Amino acid sequence: MVRTDDVFAALASPARREVLRLLLDGPRTAGDLASHFDMRRPSVSEHLRVLREAGLVSERRAGRERRYQLEPSPLMDVRDWLDPYERFWRDRLKSLRDVLEEM
Amino acid sequence: MSDGIYLDEFLPHSPAKVWRALTDSGLMARWLMPNDFKLEVGHRFTFQGVPMPAAGFGGTGHCEVLAFEPEKMLRLAWRAAPDDPSTLDSTLTFTLEPEGTGTRLFLAHDGFDSGDVYQAAARRIMGGGWAGIPGRISEVAAELPVQ
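Sequences listed follow chains A and B, in order. Going by numbering that gives the first Met the number 0, the first sequence opens with residue 0, and the numbers climb by one from there. Going by numbering that gives the first Met the number 0, the second sequence opens with residue 0, and the numbers climb by one from there.
To be clear, the hints were calculated from the coordinates, so they are not data collected in a lab. The structure displayed is predicted, hence computed values, not measured ones.
Which residues of chain A face chain B? A partial, calculated answer using Cβ under 7 Å:
1. Tyr84
2. Glu85
3. Trp88
4. Arg91
5. Leu92
6. Leu95
7. Leu99
Ideal Cβ positions, reconstructed from N, Cα and C, are used throughout, including at glycine.
Using the sequences and the hints, build the whole thing.
Shown next as structure tokens:
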């Protein structure tokens, strides 16, 4: 089971956030991801491991390569945690609409 | 992440009617929360709401009417209860603008305190150009097959 602490720890690194940003466009191989960073491939692998353990990315074999893919559900939880007030106001504005219809 | 929540919505009703929904205690109770609101600068009142643990909000908003201009603007202070984990001391502003046959309602909920652990943690995570990502996440999630 993924713990929220792991998700936040994973997101605390700018390099890992950059990895997630790259994966928003679609799955990529570790080599492809590494080419975007000024770091050695083992470091990229380490970041990918942390992201995988946090449930933020999944790994799939594609022939001889491993492809990494974004898993959005932990991020959705984070968003709900970050913006409870926005959700609150969106719901309230919906209710306001209903009340105006009944007035 | 910006310092506040800014939403706007077109409502197919006159500004006078929207204003009534925003400032009549009974009508407010129906769309917002039960309250003892009075349209009077300096009036202090509470909203009895639903607790939001993620925001450290116990459920009772401690509010004050800060300013208003009939059918145009209403500004409230919105504070957490003294014993809530959150030290929320925010400002809520409704602005009404006539638009076509209706009203555009702007909602600004700002003044979040960066010293509040609930807000500070959010900022830390959102640093480094992280803003905007949650919206993209929703788009990506919407396109994913149900597993």
